[in-house]
Amino acid sequence: MGIRGVCGNCPLSMGDTGVGKSSIVCRFVQDHFDHNISPTIGASFMTKTVPCGNELHKFLIWDTAGQERVSV
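Note that the numbering used here numbers the sequence shown so that position 67 is 63, with each residue one more than the last.
If a hint is listed, it holds; no wrong ones were tucked in.
When the alpha-carbon atoms are kept at most 25 angstroms apart in a straight line, the in silico SDA-like pairs for lysine to any residue are as follows:
| hint | residue 1 | residue 2 |
| --- | --- | --- |
| 1 | Lys54 | Asp27 |
| 2 | Lys44 | Asp27 |
| 3 | Lys54 | Ser40 |
| 4 | Lys44 | Asn32 |
| 5 | Lys44 | Ser34 |
| 6 | Lys54 | Val25 |
| 7 | Lys44 | Gln26 |
| 8 | Lys54 | Asp30 |
| 9 | Lys54 | Ile20 |
| 10 | Lys44 | Lys54 |
Source of the hints: derived by calculation from the structure; they are not laboratory data.
With these hints in hand, go ahead and build the complete structure from the sequences.
Below, the structure is given as structure tokens:
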């Protein structure tokens, strides 16, 4: 069982400050939901490997502090 290329599995958690982005990422990565998680300072990075059939998919997850600026 090999790990599939990580380029296609790089989710980014973005949104306003204090809406629960870190709690959702923690729930996915650690299978635990924490209502009182400490605020993210800057950004946090987590990984999770998920089996799917006979493949492993590795997710590289960036969790931002909610202060990002996006211009289109």
